[in-house]
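Residues 20 to 81 (the working numbering) make up the sequence shown, in order.
Treat the hints with care, since some could be wrong.
Beta-carbon label-pair distances, calculated as ranges [said to hold, decoys possible]:
(1) I55 <-> L29: 21 to 31 Å
(2) F26 <-> T62: 13 to 23 Å
(3) E80 <-> G46: 42 to 52 Å
(4) R73 <-> L40: 21 to 31 Å
(5) M27 <-> V57: 19 to 29 Å
(6) R73 <-> G49: 28 to 38 Å
These are computed hints drawn from the structure, not numbers from a lab. On a predicted model such as this, the values are computed, not experimentally measured, just so you know. We put the beta carbon where it would ideally sit given N, CA and C, even for glycine.
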Amino acid sequence: MRFPFTFMGLLSVLFGAWLLLYLGLHGADGPVSGGIEVAMAFTMVAFGSYVLWRRLTHGREA
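With the hints as constraints, model all of the structure from the sequences given.
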């Protein structure tokens with residue numbers, strides 16, 4: 020069985036973007052927690068973008 024890496028990448032990008040939008044609208048609770056939240060959101064978007072980019076450039080064998 021093939022793992023759904025494309026679906027996981029898409030969810031990662033969407034959830035990371037949602038988190039950045041939420042933080043932009045509502046703000047963080049504090050400087051440390053805000054930094055951690057933004058770092059996690061960027062990590063999620065970066066991971067998801069990498070997964071989707073590999074899928075688009077290499078096709079099904081990626």
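Notebook entry, point to check: Looking at the structure, which of the earlier hints fail to hold?
Noted result: none
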